[in-house]
Amino acid sequence: MLEIDAALVVALVAHARADHPDEACGVIAGPVGSDRPERLIPMVNAARSPTFYEFDSLDLLRLYREMDDRDEEPVVIYHSHTATEAYPSRTDVSYASEPNAHYVLVSTRETGADDGPYELRSYRIVDGVISEEEVRVVDHGRDTE
Amino acid sequence: MSIEVRIPTILRPFTGDAKVVEASGDTLSGLIDDLESRHPGLRERIVDDAGLRRFVNIYIDDEDVRFLGGLEAPLSDGCSVTILPAVAGG
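In the order they appear, the protein sequences are chains A and B.
Position one of the first sequence corresponds to residue 1 (this note's numbering), numbered consecutively onward.
Position one of the second sequence corresponds to residue 1001 (this note's numbering), numbered consecutively onward.
For the record, the hints were derived by calculation from the structure and aren't laboratory data.
Fair warning: there could be bad hints in the mix.
Unchecked claim - Below 16 Å or equal to it, Euclidean Cα-Cα: the simulated EDC-like pairs (lysine to aspartate or glutamate) are:
id, chain 1, residue 1, chain 2, residue 2
1, B, 1019, A, 35
2, B, 1019, B, 1004
3, B, 1019, A, 85
4, B, 1019, A, 73
5, B, 1019, A, 59
6, B, 1019, A, 71
To be verified - Have a look at the derived ranges for each label pair, beta carbon to beta carbon:
id, chain 1, residue 1, chain 2, residue 2, range
7, A, 38, B, 1033, 36 to 46 Å
8, B, 1066, A, 87, 41 to 51 Å
9, B, 1043, A, 44, 30 to 40 Å
10, B, 1074, A, 114, 24 to 34 Å
11, A, 129, B, 1045, 35 to 45 Å
12, A, 6, B, 1050, 40 to 50 Å
13, B, 1040, A, 62, 50 to 60 Å
14, A, 133, B, 1077, 42 to 52 Å
15, A, 114, B, 1063, 35 to 45 Å
16, A, 48, B, 1045, 25 to 35 Å
17, B, 1033, A, 6, 49 to 59 Å
18, B, 1070, A, 6, 38 to 48 Å
19, A, 38, B, 1055, 20 to 30 Å
All of these numbers come straight from a predicted model, not from anything done at the bench.
In this text, a Cβ means the ideal position worked out from N, Cα and C, and glycines have one as well.
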């Protein structure tokens, strides 16, 4: 299961819409071992493509060094599909290389860059096997404490 | 000569779960051979018949080895090598 704060979902979907029709991509970092996504880091899609994404190699190095300095790991790795469903493609599976991450897919096929319905689903991808998981959106803004 | 090599999570099963290992080599190619002798199976995850695997990034200090000569990139004592699989998909 992926438990994620509503504010992060809003920001992630906004990123996907902003980059549409190209695929958007990024990471949500959290403390190592916590499984808590806390810090959204939208990344540049160096491929700038409606059907492919890739982090620029130096951006990737900087990202991992920064997470290491902060004792964080990539809890969520997200990207958008702009014309297909929010389900991992064969390419997504071949390149999935963070065994502990939640792979989040957003589809902007219905509304593109505009407000409106979107699909957001989460998966584990380990050793080439996809397992879909529940996404529990938590609204901390509603806490009264 | 001792070079610190940082290993990504997905390759740690080959290094007994170590995040950082030591190796030596005058070039990246030599270093990879040395890594393979200490951690069998690691090389084929980094290199294929055409050379360095397209979706594995390797850095010497702060630079991508693609700009330093690839497999022939020279290494010096005390430098740091980092291996990071690409984050990519479609």
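Going down the list of hints, with the structure as the test:
For the proposed pair residue 1019 of chain B and residue 35 of chain A, the alpha carbon gap of about 19 Å is over 16 Å, so the pair is violated. Our distance criterion of 16 Å between C-alpha atoms is met by residue 1019 of chain B and residue 1004 of chain B, whose separation comes to about 10 Å. Under the criterion of a C-alpha separation no larger than 16 Å, the hint pairing residue 1019 of chain B with residue 85 of chain A is inconsistent with the structure, at around 36 Å. Between residue 1019 of chain B and residue 73 of chain A the CA atoms are separated by roughly 13 Å; this keeps the pair inside 16 Å, and the hint holds.
Pair hint residue 1019 of chain B plus residue 59 of chain A does not hold up; C-alpha atoms about 20 Å apart against a cutoff of 16 Å. Taking the CA atoms of residue 1019 of chain B and residue 71 of chain A, the gap is near 13 Å; set against the 16 Å cutoff, the hint holds. For the pair residue 38 of chain A and residue 1033 of chain B, the supplied restraint of 36 to 46 Å holds, since their beta-carbon distance comes to about 41 Å. Our hint of 41 to 51 Å for residue 1066 of chain B and residue 87 of chain A is violated, since their Cβ atoms are close to 32 Å apart.
A hinted range of 30 to 40 Å holds for the C-beta pair residue 1043 of chain B and residue 44 of chain A, which are about 31 Å apart. Checking the proposed 24 to 34 Å range against residue 1074 of chain B and residue 114 of chain A shows it is violated: the Cβ atoms sit about 52 Å from each other. A hinted range of 35 to 45 Å for the beta carbons of residue 129 of chain A and residue 1045 of chain B is inconsistent with their spacing of about 18 Å. For residue 6 of chain A and residue 1050 of chain B, the hinted distance range of 40 to 50 Å is satisfied, since their beta carbons lie about 46 Å from each other.
As the Cβ distance of residue 1040 of chain B to residue 62 of chain A is approximately 32 Å, the hint placing it in 50 to 60 Å is violated. At roughly 46 Å, the beta carbons of residue 133 of chain A and residue 1077 of chain B sit within the given window of 42 to 52 Å. Taken as a hint, the range 35 to 45 Å holds for the pair residue 114 of chain A and residue 1063 of chain B, whose Cβ atoms sit roughly 41 Å apart. Between residue 48 of chain A and residue 1045 of chain B the Cβ separation comes to about 28 Å, which falls inside the hinted range of 25 to 35 Å.
Look at residue 1033 of chain B against residue 6 of chain A: about 51 Å separates their beta carbons, and that is inside 49 to 59 Å. Between residue 1070 of chain B and residue 6 of chain A the CB atoms are about 45 Å apart, so this pair conforms to the stated range of 38 to 48 Å. Distance hint check: the CB atoms of residue 38 of chain A and residue 1055 of chain B are about 27 Å apart, consistent with the given range 20 to 30 Å.
In terms of the numbered hints stated before, the structure departs from hints 1, 3, 5, 8, 10, 11, 13, listed from lowest to highest.
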